[in-house]
Amino acid sequence: ETGVTQSPTHLIKTRGQQVTLRCSSQSGHNTVSWYQQALGQGPQFIFQYYREEENGRGNFPPRFSGLQFPNYSSELNVNALELDDSALYLCASSPTRDRVADTQYFGPGTRLTVL
Amino acid sequence: AQSVTQLDSQVPVFEEAPVELRCNYSSSVSVYLFWYVQYPNQGLQLLLKYLSGSTLVESINGFEAEFNKSQTSFHLRKPSVHISDTAEYFCAVMRSSASKIIFGSGTRLSIRP
Numbered sequence: 674e675t676g677v678t679q680s681p682t683h684l685i686k687t688r689g690q691q692v693t694l695r696c697s698s699q700s701g702h703n704t705v706s707w708y709q710q711a712l713g714q715g716p717q718f719i720f721q722y723y724r725e726e727e728n729g730r731g732n733f734p735p736r737f738s739g740l741q742f743p744n745y746s747s748e749l750n751v752n753a754l755e756l757d758d759s760a761l762y763l764c765a766s767s768p769t770r771d772r773v774a775d776t777q778y779f780g781p782g783t784r785l786t787v788l
Numbered sequence: 004a005q006s007v008t009q010l011d012s013q014v015p016v017f018e019e020a021p022v023e024l025r026c027n028y029s030s031s032v033s034v035y036l037f038w039y040v041q042y043p044n045q046g047l048q049l050l051l052k053y054l055s056g057s058t059l060v061e062s063i064n065g066f067e068a069e070f071n072k073s074q075t076s077f078h079l080r081k082p083s084v085h086i087s088d089t090a091e092y093f094c095a096v097m098r099s100s101a102s103k104i105i106f107g108s109g110t111r112l113s114i115r116p
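Chain order of the listed sequences is A and B. So the first sequence is residues 674 to 788, counted in our numbering. So the second sequence is residues 4 to 116, counted in our numbering.
Here chain A stands alone, though its shape is the one from the complex (with noise of 0.2 Å):
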């Protein structure tokens, strides 16, 4: 059973730059999470994505938006990047939509530097 993989693994942009990362759900997940973890901070949620349609979202702008697809894998994607999104991106996928089974298995992480 593969965990959950993300890429790419580091990226550099130059502010004003459009970005697209990556998820792919653990085996058996139909539900993936994404969140921005700044320097010294926890993570913080921006959305949530079940079975294709977007299921809560966090307090960030509408230049983050995302996709799901039908093998679950999900596409975080920022347009008019800003200094302030550098941050390590987290994707966590879980195996249900049920609150109480609601277990999230994160991946390792992209890490965006904006210049």
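Hints may contain errors.
[To be verified] What follows is a list of derived Cβ distance ranges for each label pair:
hint : chain 1 : residue 1 : chain 2 : residue 2 : range
1    : A       : Q691      : B       : E67       : 40 to 48 Å
2    : B       : P82       : A       : R688      : 48 to 56 Å
3    : A       : R688      : B       : L59       : 18 to 26 Å
Keep in mind that the hints were calculated from the coordinates and are not lab data. Positions of the beta carbon are idealized from the N, C-alpha and C atoms, including for glycine.
Mind docking chain B on chain A? Use the hints.
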């Protein structure tokens, strides 16, 4: 709204000494509580969780946490730490009917030989 406070940003301890990492939460509704661990240059790993039932929960590597509803706390403890426990520890809360996990700011546990 829920929030999580981790009272210590850093906790240095000697190897084989006991440790307690403190976590308090605020919520007006029932919640689930988690401790995640993040080793250097890695993602988050679930250490243990409280959903319901027994207020004392344990992990496979000797950590335990106790849910205290009256004090709204979920402190993490280990009676004897090892060098390999060096990591950042995050306390987190999730409303039982919501999508997102809310994390604390983390506690860096450093073990001295």
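Quick rundown of the hints versus the structure:
no.	hint	result
1	A/Q691 to B/E67: 40 to 48 Å	45 Å, holds
2	B/P82 to A/R688: 48 to 56 Å	49 Å, holds
3	A/R688 to B/L59: 18 to 26 Å	49 Å, violated
The structure does not agree with numbered hint 3 stated previously, though it agrees with all others.
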